[in-house]
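Novice: The chain contents come next:
2 protein chains.
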Amino acid sequence: MDIIIIGFGTIGKGLAEVLYKKREYLKKNFGEFRVVGIADSSGAIYNKEGIDLKKAIDVKEKTKKIINYNDAEKLSIFELIEKEADVAVEVTPSNLETGEPAKTHIIESFKNDKHVVTANKGPLALFYNELIKTAEKYNKIFRFEATVGGAMPIINLAKENLAGNEILSIRGILNGTTNYILTKMEEENVDFETALKEAQELGYAESNPSQDIDGLDTAAKIVILANSIMNLNKTIKDVKIKGITKITPESLFLANKKGYTIKLIGEVNKKYLIVEPMLIPKYSPLNVKGTLNVAMFETDLAKEVVVVGRGAGKEETNSALLSDLISIYNRVNNSTK
Amino acid sequence: MDIIIIGFGTIGKGLAEVLYKKREYLKKNFGEFRVVGIADSSGAIYNKEGIDLKKAIDVKEKTKKIINYNDAEKLSIFELIEKEADVAVEVTPSNLETGEPAKTHIIESFKNDKHVVTANKGPLALFYNELIKTAEKYNKIFRFEATVGGAMPIINLAKENLAGNEILSIRGILNGTTNYILTKMEEENVDFETALKEAQELGYAESNPSQDIDGLDTAAKIVILANSIMNLNKTIKDVKIKGITKITPESLFLANKKGYTIKLIGEVNKKYLIVEPMLIPKYSPLNVKGTLNVAMFETDLAKEVVVVGRGAGKEETNSALLSDLISIYNRVNNSTK
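Residue numbers (this note's numbering), protein chains in the order written: chain V, 1 to 337; chain Y, 1001 to 1337.
Everything labelled a hint here was simulated from the structure, so no lab data went into it. In this text, all values refer to a predicted model and were calculated from it rather than measured experimentally. Glycine included, each C-beta is placed from N, C-alpha and C at the ideal position. Treat the hints loosely; a few may be bogus.
Chain V is nowhere near these chain Y residues, computed Cβ spacing over 10 Å in every case [what the hints assert, rightly or not]:
no.	residue
1	Lys1270
2	Lys1303
3	Val1305
When the alpha-carbon atoms are kept at most 27 Å apart in a straight line, the in silico BS3-like pairs for lysine-lysine are as follows [to be verified]:
no.	chain 1	residue 1	chain 2	residue 2
4	V	Lys303	Y	Lys1021
5	V	Lys314	Y	Lys1282
6	Y	Lys1197	Y	Lys1021
7	Y	Lys1234	V	Lys28
8	V	Lys159	Y	Lys1159
9	V	Lys103	V	Lys137
10	V	Lys103	V	Lys303
11	V	Lys258	Y	Lys1282
12	V	Lys270	Y	Lys1314
13	V	Lys28	Y	Lys1133
14	Y	Lys1234	Y	Lys1303
15	V	Lys21	Y	Lys1159
Partial list, derived from the structure: chain Y residues whose beta carbon lies under 7 Å from chain V [to be verified]:
no.	residue
16	Ala1163
17	Ser1251
18	Val1306
19	Ser1319
20	Ser1323
Same shape as in the complex, but just chain V (with noise of 0.2 Å):
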């Protein structure tokens, strides 16, 4: 299978990363997955016969730009969508206003004759039902697991796992990073400043944090959750969102005085959708700690269905990607693992 990485920064390095370090594994197990064109904001290099991964890396790494790796046709990322190709990858940096430049990538790319994985929330939060539309139209696989809870399978699962159950409502902690503030918080009574600060040292959370603490980044989830699991029809205004900045020690020690703690809560049933901080038993599955993300299905005939796993990182997201690779994979050779 011949695949294209749009965008080719932390996430997109990592697939690459991931391709290389597992092909042999890759190979045995389901099939040749090859990259024929990789794009960063430096243009595109395509090689219908396979780029060399591990140059390409070393490339970029060195010089910062994919556009200086040799053995391949220098062209613009459009071009690049024009190539031949099965799968485009579009992993640019996630723009949560106006969705771009992905939701333009991924359009061309359905119009190009390319099924699409992505880890762009972006694109899902603003634009979901053009995108799922423009994917049918041109018959073309669309997928997106690495966009909600990193390496926490969540859209599949509901998707396929949970096929023929109605889902009823989903809820869980969807960002890493106020889950370690909160944690943080709780449990070395520190103010909310200073487990931002420490967050921030240790890279989980971005200099600017505001999508993170505002409840902006778990919103666009929540959305993205709504609209594919749920067919409901949302974008993020339809949140009521409200973050953690105003969370104290206090109020975290109170809450555990009585048997409860506080978590940035993102919630979806058929009458709202909402991202608030909650008190939360502590002995219900939604309090994991640290980074890690946790949802709760609530469903028809399996009743409650948790998931709880890593929801950041750099391997953890590139889990998500291969697992929708794979999937298309096995659907265009009708495979029947």
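With chain V fixed as given, assemble chain Y onto it according to the hints.
Specialist: Just chain Y, lined up with the frame of chain V:
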């Protein structure tokens, strides 16, 4: 998609009920799932235009014998397996000593050009490789999510949502009966016999509970996970098994004092397969209560992933059967969903 149901007890009849209740929902979201044949110990019925499920359920409940259903050809189970249909659902009672009659039903179904979905642990715990090879030989899909963990996604979760990950180990609570008993003993300080009796009265334990409390049921499930997820080649004889009959309220009390609980854990890794009561930290995600099941995967990319769900129950088991049927439907119809 045309289905035959082999076995029309709690599970088989439950599946018919779900397919009947959800017929509009399934048709709208996926396609038509038509039952054309049903077999129980009285014999089999077949109608290529479809069985009236409401009537079939009614006949079974009133007369105990599906053979009393009119409007269909009456035949033997093996004659039914030879008839035209896309999928056979094998849900006769499980036998952990011989795997029969399910094993033969499954093999014959593959030979007669049918995909197979089963909830039957016996044949999979005893003859995994033979069954898989037969499915491959006849190019048929074989799915068995319902054999382990009921409505808790586990087999397909590991093989699909975590595809590309190497699964290093799996450990968890795979038997709701023993979890109910241990939870009861811990929370109400009652002895094993008392807790077992209550579990029996509530229908959580069978009148002969030995397969559950001696660990054999968990062992069969661990073998299925070892073979299907970790590509090992094991049978029940490879599992070191210890049940929960020796656990006392005192041992639970002492464990509790130190911050632990005791659970019957099944575990498989590359070195061994084991089922035994283990000390679990109270705050571990493995400490789930009542009849819940839980599994923790350790993987190379996604690291730890935990899933919690209901391990038993008529609707819960049918959640797993139904998701397997839908997966086959989508595959056969080359859906891009």
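Novice: For Lys1197 of chain Y and Lys1021 of chain Y, compute the direct alpha-carbon distance and say whether it is at most 27 Å.
Specialist: Measuring from Cα to Cα gives roughly 34 Å; hence the hint is violated.
Novice: Would you say Val1305 of chain Y is clear of chain V, with no C-beta pair closer than or equal to 10 Å?
Specialist: 4 Å, violated
Novice: For the restraint on Ser1323 of chain Y, tell me whether the closest CB of chain V is nearer than 7 Å.
Specialist: It holds, given that the least Cβ distance between Ser1323 of chain Y and chain V is near 4 Å, below 7 Å.
Novice: Let's test the interface hint: is any C-beta of chain V closer than 7 Å to that of Ala1163 of chain Y?
Specialist: Status holds, d = 4 Å.
Novice: Straight-line Cα separation of Lys103 of chain V and Lys303 of chain V no greater than 27 Å?
Specialist: 35 Å, violated
Novice: Is it true that the CA of Lys1234 of chain Y sits at most 27 Å from the CA of Lys1303 of chain Y?
Specialist: 25 Å, holds
Novice: Is Lys303 of chain V close enough to Lys1021 of chain Y, meaning Cα to Cα at most 27 Å?
Specialist: 16 Å, holds
Novice: Once the closest CB in chain V is found, is it more than 10 Å from Lys1303 of chain Y?
Specialist: About 5 Å separates Lys1303 of chain Y from the closest Cβ of chain V, which leaves it inside 10 Å; violated.
Novice: Does Lys21 of chain V pair with Lys1159 of chain Y here, judged by a C-alpha cut-off of 27 Å?
Specialist: 20 Å, holds
Novice: Going straight from one Cα to the other, do Lys103 of chain V and Lys137 of chain V come out at no more than 27 Å?
Specialist: 16 Å, holds
Novice: For the restraint on Ser1319 of chain Y, tell me whether the closest CB of chain V is nearer than 7 Å.
Specialist: The hint holds - Ser1319 of chain Y has a Cβ within 7 Å of chain V, the shortest such distance being about 4 Å.
Novice: Does Ser1251 of chain Y meet its interface restraint, that is, does its C-beta lie within less than 7 Å of any C-beta in chain V?
Specialist: 21 Å, violated
In this structure, the earlier hints numbered 2, 3, 5, 6, 10, 17 are contradicted, and the remaining ones agree with it.
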